[in-house]
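Asks: As a plain string of letters, each chain reads:
Protein chains: 2
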Amino acid sequence: MTTALLTDRYELTMIEAALRSGRAHRPCVFEVFGRRLPGGRRFGVVAGTGRVLDAIADFRFGTDELDWLSDNGVVDEATLQYLADYRFTGSVHGYREGELYFPNSPLLTVTGTFAEAVVLETVVLSILNHDTAVATAAARMVAAADGRPLAEMGSRRTGEEAAVAAARAAYIAGFSATSNLEAGRRWGIPTMGTAAHSFTLLHDSEEEAFRAQVESLGAGTTLLVDTYDVRAAIETAVRVAGPSLGAVRLDSGDLPELVREVRAQLDSLGATGTRITVTNDLDEHTIAALRGAPVDSFGVGTAVVTGSGSPAAGFVYKLVAHRGDASEQWMPVAKKSPEKVSLGGAKRGERLLHDGRALAEHVLVDDDRDGVPEADEGTPADGSHGGTVRPLTVALVRDGEIDERWVGPEGVRRARVHHAAAVAELPLEAFRLGRGEPVLPTVVR
Amino acid sequence: MTTALLTDRYELTMIEAALRSGRAHRPCVFEVFGRRLPGGRRFGVVAGTGRVLDAIADFRFGTDELDWLSDNGVVDEATLQYLADYRFTGSVHGYREGELYFPNSPLLTVTGTFAEAVVLETVVLSILNHDTAVATAAARMVAAADGRPLAEMGSRRTGEEAAVAAARAAYIAGFSATSNLEAGRRWGIPTMGTAAHSFTLLHDSEEEAFRAQVESLGAGTTLLVDTYDVRAAIETAVRVAGPSLGAVRLDSGDLPELVREVRAQLDSLGATGTRITVTNDLDEHTIAALRGAPVDSFGVGTAVVTGSGSPAAGFVYKLVAHRGDASEQWMPVAKKSPEKVSLGGAKRGERLLHDGRALAEHVLVDDDRDGVPEADEGTPADGSHGGTVRPLTVALVRDGEIDERWVGPEGVRRARVHHAAAVAELPLEAFRLGRGEPVLPTVVR
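Just so you know, the protein sequences line up as chains A and B, in that order. Here this note's numbering = 1-based position in the first sequence + 4. Here this note's numbering = 1-based position in the second sequence + 4.
I should point out that these hints are in silico values taken from the structure, not numbers from a laboratory. All values reported here derive from a predicted model rather than from experimental measurement. All C-beta atoms, glycine included, are put in the ideal place defined by N, C-alpha and C. Wrong hints could be hidden among the right ones.
What the hints assert, rightly or not - For each label pair, taking beta carbons as the anchor points, the in silico distance ranges come out as: (1) A:R361 x B:G151: 55 to 63 angstroms; (2) A:R264 x B:E81: 39 to 47 angstroms; (3) B:E433 x A:T67: 37 to 45 angstroms; (4) A:E405 x B:E441: 23 to 31 angstroms; (5) B:R439 x A:Q333: 50 to 58 angstroms; (6) A:S209 x B:E81: 25 to 33 angstroms; (7) A:T446 x B:S209: 49 to 57 angstroms; (8) A:T67 x B:Q269: 43 to 51 angstroms; (9) A:E81 x B:P247: 27 to 35 angstroms; (10) B:N76 x A:G246: 40 to 48 angstroms; (11) A:P298 x B:P260: 51 to 59 angstroms; (12) B:Q269 x A:T446: 32 to 40 angstroms; (13) B:R439 x A:E81: 36 to 44 angstroms.
Stated by the list, open to error - Derived contacts from chain B toward chain A, CB cut-off under 10 angstroms, selection only: (14) A21; (15) T67; (16) F118; (17) G158; (18) E164; (19) T225; (20) D271; (21) T290; (22) H358; (23) D359; (24) L432.
Chain A with its partners taken away, still in its complex shape:
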């Protein structure tokens, strides 16, 4: 399955015009960044990077695509020939997946000819804007849950393929599992889920339904107890499954009082080890409001997959430098319209730390290099402010070769581990849920 047509038409018409003007093969640097954090958040979480690398690998114009472009007069013959041979041969550097970001963090830098780099714009932004919005929201929920596990179960509330990506992004940001089977298959994420209200309604009684589920899934299963009367359902559940019942789920259980009553009832029935899981349209605020209640785990749907009010991260993909014809020098470029001033030049990021605590986001403009930010994973080095600096920009693709560390289920696992380490560096104020300013200042050096 090619990703080549998941692309705005103007990327191709620009290639056509640039082929004619002789500028199509100018070496260029494009940068992905956001001018602000979505929704007054204190920090953002980069997600989608591994999927971007897959999309670049699959970006090929086959016969079907070329025929359609030709039949519909999208571009001329010379452009079709260019596209037929398209392979990305450039380099991509950027923040590791799972890393945190702030306004103007240089998240991704694509270096290549104008034509080969510009044509990736749409699909790169689609993936990063979506996945990062989900991960950024998910990280707030993880913080609000205060160590209790969260499952992503919002597949039904977003596009069917976006659902798979959302499960992946939430997992990177610290969720423990997903309801989505394809996310399990494709990305190695643990899947969960037992039964819906329809299962109870199908049977002639709640007891019959519970017996059927326990016989099939064992006493360790999670029984949904709010189809009719919660109190009666819990009594039935413990009678049917015994006190070793795994868990009960409250799909209308966002009330701390209800959760406390359920806990007391379970304990009185001897089911002291039975966990309580709560679902029903939770978001970071309702999760935080359940902080004192005896909830053992949360299931989150709509809010996480739609970015909890900020469904797109707002990243842009801008040309920041190209090589002139006369010299081999990189020339920084930027548009100059009011409101949207951009900073030219290829960039890389560093995080300034003091005693392991993040203090600032440093953005370094590197005009004297070869257009490619060069930095690698590594331990923080001594910084100039008495603290240490942790390099944030790593090589993702070199001369068309994708670094396999960042893709597939292994890339997801790596991103999740890295994310947890990056979040651990944040100051406490990062976890305030109200709208506010970024918790770290971005300093352009």
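On the provided structure of chain A, position chain B as indicated by the hints.
Replies: Just chain B now, kept in the frame of chain A:
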């Protein structure tokens, strides 16, 4: 490409448990409906129906899927055997794609055995919740644009596959075109787009860029005029392309004053036929604010593809009836938890009209039929309230056979035409942009 794993795990564990309890093959009716309209909207627009039918056709568990389910212990051997033979053999009735809907409108009714119908829940809801949210937002933008054409160009602000679906939904709701090439290929939607700021920045001057574009795309092209100075750019644009220049695009042009100045300058240069297209983060409110300005067309991105503040329609998929064992009678069922009372029984919808103007949404519970709402397209018939009634529920799938009228590019075209006719029936108050109540009352009869 199968859709079978775009599914929540619990759909499969419910099948396993129901196979054991002997209830898996009970005839059931599931209904898709929304308890309210998203975001205080006055009406909703059904979209995604054709894609749901495709997803049902592609819902097959192949060797890869079965192996993964088996290796991961998701379900037992008997369930794997059931899934290996899975074909949907039931019936689906529902609102036509493009139709309007209101709270509790019975949008889709799936009739089949419990197992074959429940397993479709996740993918059916993913598609309808996403596509309908986009179409519902898009219809408000179309109304705000007051007859001027709108192009959808938000691919970069939503998941890469969601982008294709969003383009389709916006087109059904009255948008004229999309930037997304795959939406053009897959659904026959007109595509548009010429150049971005990077194209101007690539060249050594704006004039060089404009010349390249006009040479390649002709004088009828749209030149982007706000990379540097708008006034100077327009002067250059008309000098390069001549007064027959097709259009200028303002990507920071949500100011009526700016648009008026641009119009005056174009006219003074003799480019009286050159159109003005405006983009920059528009939504229904900023479009409405440009009503008096000489804008010729709009390009809308983030707001339309993310449902303008309501990214998911909030539909649910509920078991509303099943057959008992003792009798052939359909038994309406509904859960009884507080807050979420549902109405049991299979249903169909009708719209009450008077002099061609919509007055109310009628929901009819049909318990005495064969569990399947039967109605067809047709001219409105005499109603009981002095008006006429237009049947809203049509057959989409009969005994596993998909009605081809509703799928593919032809289905999209049909939905767009039907949508325009349905919107024309609405009273004027439907087009108020502020939050409010549904413009038609839903009457359950």
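Asks: Was the hint right that T225 (chain B) lines chain A, CB cutoff 10 angstroms?
Replies: Since chain A brings a Cβ to about 8 angstroms from T225 (chain B), closer than 10 angstroms, the hint holds.
Asks: Close enough to count: is the Cβ of G158 (chain B) nearer than 10 angstroms to one in chain A?
Replies: holds (8 angstroms)
Asks: That 49 to 57 angstroms hint for T446 (chain A) and S209 (chain B) (C-beta), does it hold up?
Replies: Check failed, 32 angstroms falls outside 49 to 57 angstroms.
Asks: Does the interface hint hold: is A21 (chain B) within less than 10 angstroms of chain A, judged Cβ to Cβ?
Replies: Cβ of A21 (chain B) sits 4 angstroms from chain A, so the hint holds.
Asks: Please test the hint of 40 to 48 angstroms on the beta carbon pair from N76 (chain B) and G246 (chain A).
Replies: At roughly 27 angstroms between Cβ atoms, G246 (chain A) and N76 (chain B) fall outside 40 to 48 angstroms, so the hint is violated.
Asks: Is it true that R361 (chain A) and G151 (chain B) lie within 55 to 63 angstroms of each other by Cβ?
Replies: For R361 (chain A) and G151 (chain B) the Cβ distance comes to about 57 angstroms; the hint holds.
Asks: Does E164 (chain B) meet its interface restraint, that is, does its C-beta lie within less than 10 angstroms of any C-beta in chain A?
Replies: At about 4 angstroms, which falls below the 10 angstroms cut-off, the nearest Cβ of chain A leaves the hint on E164 (chain B) intact, so it holds.
Asks: For the range 51 to 59 angstroms, tell me whether the beta carbons of P298 (chain A) and P260 (chain B) fit it or not.
Replies: holds (57 angstroms)
Asks: Using the Cβ atoms, figure out if E405 (chain A) sits within 23 to 31 angstroms of E441 (chain B).
Replies: Cβ of E405 (chain A) to Cβ of E441 (chain B): about 58 angstroms, so the range 23 to 31 angstroms is violated.
Asks: Go ahead and decide if the range 37 to 45 angstroms is satisfied by the Cβ distance of E433 (chain B) to T67 (chain A).
Replies: Check failed, 52 angstroms falls outside 37 to 45 angstroms.
Asks: Does the Cβ distance between R264 (chain A) and E81 (chain B) fall inside 39 to 47 angstroms?
Replies: holds (42 angstroms)
Asks: Hint says 36 to 44 angstroms; check whether the CB-CB distance for R439 (chain B) and E81 (chain A) agrees.
Replies: Roughly 52 angstroms apart at Cβ, these two residues miss the hinted range, so it is violated.
In terms of the numbered hints stated before, the structure departs from hints 3, 4, 7, 10, 13, 15, 20, 21, 22, 23 and 24, listed from lowest to highest.
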